[in-house]
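These protein sequences, in sequence, are chains A and B. Just so you know, we're using UniProt numbering here: the first sequence kicks off at 1 and counts up by one. Just so you know, we're using UniProt numbering here: the second sequence kicks off at 1 and counts up by one.
Bear in mind the hints are in silico, worked out from the structure with no lab data behind them. There's no promise every hint is true.
[Unchecked claim] Footprint (simulated), chain B over chain A, 3 or more residues, beta carbon under 8 Å:
hint: 1; region: 6 to 16
hint: 2; region: 30 to 38
[Stated by the list, open to error] Pulled a few chain A residues facing chain B out of the computed Cβ check, cut under 7 Å:
hint: 3; residue: Ile24
hint: 4; residue: Gln26
hint: 5; residue: Glu78
hint: 6; residue: Leu79
hint: 7; residue: Leu80
hint: 8; residue: Ile81
hint: 9; residue: Asp82
hint: 10; residue: Thr87
hint: 11; residue: Cys99
hint: 12; residue: Thr101
hint: 13; residue: Cys106
hint: 14; residue: Phe107
hint: 15; residue: Thr109
hint: 16; residue: Ala111
Backbone N, C-alpha and C fix where the C-beta goes; we use that ideal spot for every residue, glycine too.
Protein chains: 2
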Amino acid sequence: MIMSQFAAALAAIHFNQDGLVPAIAQQFDSGEVLMMAWMNAEAVRETLESGRVCYWSRSRQGLWRKGETSGQQQRLKELLIDCDGDTLLVKVDQDGVACHTGRRTCFYTAARGQDLIEVEAVKIDPKELYK
Amino acid sequence: MIMSQFAAALAAIHFNQDGLVPAIAQQFDSGEVLMMAWMNAEAVRETLESGRVCYWSRSRQGLWRKGETSGQQQRLKELLIDCDGDTLLVKVDQDGVACHTGRRTCFYTAARGQDLIEVEAVKIDPKELYK
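Bound conformation, chain A alone:
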């Protein structure tokens, strides 16, 4: 039964009052932290079942199959649950770039002293991602 196939994982996750859990995406081989987004139970199930990472878009209030518009998909390598069950770490193989700005990761702004410094360059023009 599909419903019970991932029952152990789903039972171990403590979704918040909105039914969501934060999911950190990390490139499995390089270790880059790519992004953080949210999943509901359906997104977790679809991710485990399909092997392609699916989040819950809080702005669109719908499933967000990463890369369905931009083509920059994330293939699941491993889904890990933290010690108190309220955060996920998804190790992925990221096609191209994770960030909608066309950068490899979303974490390209560093707080250094009094300044904010961009530490990562745009790799793909966002116009190319969302044309």
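With chain A held as given, fit chain B onto it using these hints.
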């Protein structure tokens, strides 16, 4: 002025309705994702000022200077803000173990098929951490 020293960073962070932002801690050299916890503005400021990572404990409703009980401190290497300002990545140098279970990271439970598998061993007996 201390208040304005980190004004640019604080202004770039979008704290949620509880005044908190999720912060992912990553070992700066190995790339291990150690844990995820929450910061309020005061925790961000203290972290940037002191160079030791400080979170906000939602259970204790107070500042949580990582390692103050266990001794397993996190020294800040870099604080990064994501593209929409609602998640932080703190690159740290973690003393010993990050997890209260005595494991290096909190993400030691993998969802593999129908099973949950422990993929990381205890390195320090928790009794030694909290004696």
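Quick rundown of the hints versus the structure:
no.	hint	in the structure
1	6 to 16	holds (count 5)
2	30 to 38	holds (count 6)
3	Ile24	5 Å, holds
4	Gln26	6 Å, holds
5	Glu78	6 Å, holds
6	Leu79	5 Å, holds
7	Leu80	4 Å, holds
8	Ile81	5 Å, holds
9	Asp82	4 Å, holds
10	Thr87	4 Å, holds
11	Cys99	5 Å, holds
12	Thr101	6 Å, holds
13	Cys106	4 Å, holds
14	Phe107	4 Å, holds
15	Thr109	5 Å, holds
16	Ala111	4 Å, holds
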